[in-house]
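**Q** If you want the building blocks of each chain, they are given just below.
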Amino acid sequence: MVRFYLLRLLKDTIGHVILIGLPLVLITLMVSINRNVPEAPPVEVAALYIGLIYILMFQGFGAAYTFEGLEHDFFSPFKNRLLMSPLHPMRFVYANLLFSILVSYAQSLVLLGYVWLVFGAQIPNLVGVLAVLLLGVVFAQLFAAWLIFVFKKAARAQLAITLYIIGAMILAGFFVPLPESAFTRWARIYSSPLTWVHHALYGFIEHRPEDVFLGVGLLSVGIVVVALWAARLSKSVLS
Amino acid sequence: MIVKMKDVIKRYQGNTLALDYFDLEVHAGEVVGLLGPNGAGKTTAIKALVGLHEVDGGIVEVFGQAQNGKNRDLRQRIGLVTQEITVYEELSAYENLRFFGRLYGLKGEALEQRIQEVGQRIGLADRLHDIPKKYSGGMKRRLNIGCALLHEPELIIMDEPTVGIDPQSRHYILSFVKDLAKKTNVSIIYTSHYIEEVEAIADRVYIVDQGHIIAHGTTKSLIEQMKGDATMHITVKQGSPATVTKLKALPDVKEVTLQDDTYHVIAHAGAVILDKVLAQLSQETIVHVASEQPTLEDVFLMLTGKSLRDGEVA
Ligand SMILES: Nc1ncnc2c1ncn2[C@@H]1O[C@H](COP(=O)(O)OP(=O)(O)O)[C@@H](O)[C@H]1O
Ligand SMILES: [Mg+2]
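Taken in sequence, the protein lines are chains A and B.
Positions 1 to 239 (this note's numbering) are the ones given, in order, by the first sequence.
Positions 1 to 314 (this note's numbering) are the ones given, in order, by the second sequence.
Bound-form chain A, shown alone:
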């Protein structure tokens, strides 16, 4: 099962191009644009900021691994084959989740490695940052499971997650900085799981433990809620 599910994901070349190639290009592009902005921060600082934002964004798009895997396994006749096997069907859900998490996380690491190697970004508290990124991936993939159980079709789940990511990025002020106000100050921290991850990441990078607690706390609650909800929805799908 390990081999089968891992191969399924690794052989998805288009997935790698979109989820690694595209953000690499975007990060490079944004960093070079940023260089020419007057009063721009040093390139290694800007590169880390930009890199992390794209990592978060593409962790979201990486959710496609889980919902496409689950669509193949449980929203197509393939389901009958799996349900006929002596294994408990939840095992296949876990396999999808686990390997999607691993592959998506590896992609995040590649992107982080890129901003470190190419732009010389320094990452204080690396272990903490890596741990928070892992939580981000876990949330994204669990959310993907929830989406496919609700929408039943990967294409619709894809649309939903795309809208979610774009909405969350705008609200957080990640695409373009929003004008300062009470609302945007709130939105920058609380508006979506993307900002929770971001808040915790910068808590580690800029040594603010209270931000780490807040971000990781919100994210942990989010993970538990979405996991329980998805598990509940899975019951009708797996029978």
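Please note that the accuracy of each hint is not assured.
Claimed, not checked - 25 Å max Cα-Cα, derived DMTMM-like pairs, lysine to aspartate or glutamate: (1) A:LYS11 <-> B:GLU84; (2) A:LYS79 <-> B:ASP56; (3) B:LYS306 <-> B:ASP209.
What the hints assert, rightly or not - Derived CB-CB ranges, DEER-like: (4) B:LYS246 <-> A:PRO77: 58 to 64 Å; (5) A:LEU178 <-> B:LYS70: 52 to 58 Å; (6) A:THR13 <-> B:GLU109: 29 to 35 Å; (7) B:GLU54 <-> A:ALA131: 40 to 46 Å; (8) A:THR13 <-> B:GLN210: 45 to 51 Å; (9) A:PRO77 <-> B:GLN76: 18 to 24 Å; (10) B:LYS133 <-> A:LEU159: 22 to 28 Å.
If you're looking for bench data, these hints aren't it; they were derived computationally from the structure.
Just so you know, these numbers come straight off a predicted model, no measurement behind them.
Virtual Cβ for every residue (Gly too), placed ideally from N, Cα, C.
Given the coordinates of chain A, work out where chain B with the ligands should sit on it, guided by the hints.
**A** For chain B with the ligands alone, coordinates are given in the frame of chain A:
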């Protein structure tokens, strides 16, 4: 008894009565054909049998145990070839076979050996490392069958395994099933809406229509049961009305017509009169003789008033 289904009722949401007092019995080593048009309830019956569907009434027993869908031990003894092609198209046939073997607990050397054996059996031994996406429809169908055989099930269920493939692959699958039945002691349930297939491979046939078994028995007994007609078509150089009269006088002949130098003779089914008919034509130059005995198709037509092919899809 391997399978016993008695008075099984299955109602889908939306109130389709898919199984309406459905019965089926399979004994050890038998090939049982389940024949019926599209929508007759074949797949529903199979799903009820293997525990994928809960039923609304009746008895479903497999290997003497009541099927409740939860018994893992039963699943280990059943191989289901799904009606749809359910393999992972982006990974090689080898990886697919390996995966399904692993699911049933095979590993190591034994698994490797089984993969090769099954690959051989389904005629894909030299294409095992290609991805099914590159296969023809027939090859995909064969892999689809192979994936259900890894764990050497005692009961193999094939749900329309030849739908939408070329005649050659179909022939391969049919002789494969015959071979499997002969060489091993497995029991096989084979559903189809193609009469020739069921006639060719099944020891016994169940004919299903609208969720109910309307006839069952050996192919021969089913045809004998029906009081159908046999027809002969004899084309000669020059037909004559006098011969028509002579032919009509023969016992068991019901009707004779002459059309473009071809005599169409209709006789009682089972009557062996071709030689007598030909004897009457000894003075004429015979160009072509064709004779048709009633088929299961006729049985079905007689029982239901409709053709099996009506609902046929590609
Ligand atoms: N999941 C389902 N929900 C509702 N009706 C169904 C479902 N599956 C099959 N049916 C209906 O049940 C009847 C029997 O279908 P099926 O068992 O697939 O027939 P067959 O396999 O002989 O073609 C048909 O009328 C079909 O439309
Ligand atoms: Mg069917």
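**Q** Run every hint past the structure and note whether it holds.
**A** Now for the hints, and whether the structure bears them out:
1. A:LYS11 <-> B:GLU84: 24 Å, holds
2. A:LYS79 <-> B:ASP56: 22 Å, holds
3. B:LYS306 <-> B:ASP209: Holds - the C-alpha atoms of B:ASP209 and B:LYS306 are around 10 Å apart, at most 25 Å.
4. B:LYS246 <-> A:PRO77: 58 to 64 Å: Holds: the Cβ-Cβ distance is about 60 Å, inside 58 to 64 Å.
5. A:LEU178 <-> B:LYS70: 52 to 58 Å: The hinted range 52 to 58 Å holds for A:LEU178 and B:LYS70, with Cβ atoms some 55 Å apart.
6. A:THR13 <-> B:GLU109: 29 to 35 Å: Given a distance of about 33 Å, which is inside 29 to 35 Å, the answer is holds.
7. B:GLU54 <-> A:ALA131: 40 to 46 Å: Holds: the Cβ-Cβ distance is about 45 Å, inside 40 to 46 Å.
8. A:THR13 <-> B:GLN210: 45 to 51 Å: Taking Cβ atoms as reference, A:THR13 and B:GLN210 lie about 48 Å apart, which means the hint holds.
9. A:PRO77 <-> B:GLN76: 18 to 24 Å: 21 Å, holds
10. B:LYS133 <-> A:LEU159: 22 to 28 Å: For B:LYS133 and A:LEU159 the Cβ distance comes to about 26 Å; the hint holds.
In summary, this structure violates none of the numbered hints.
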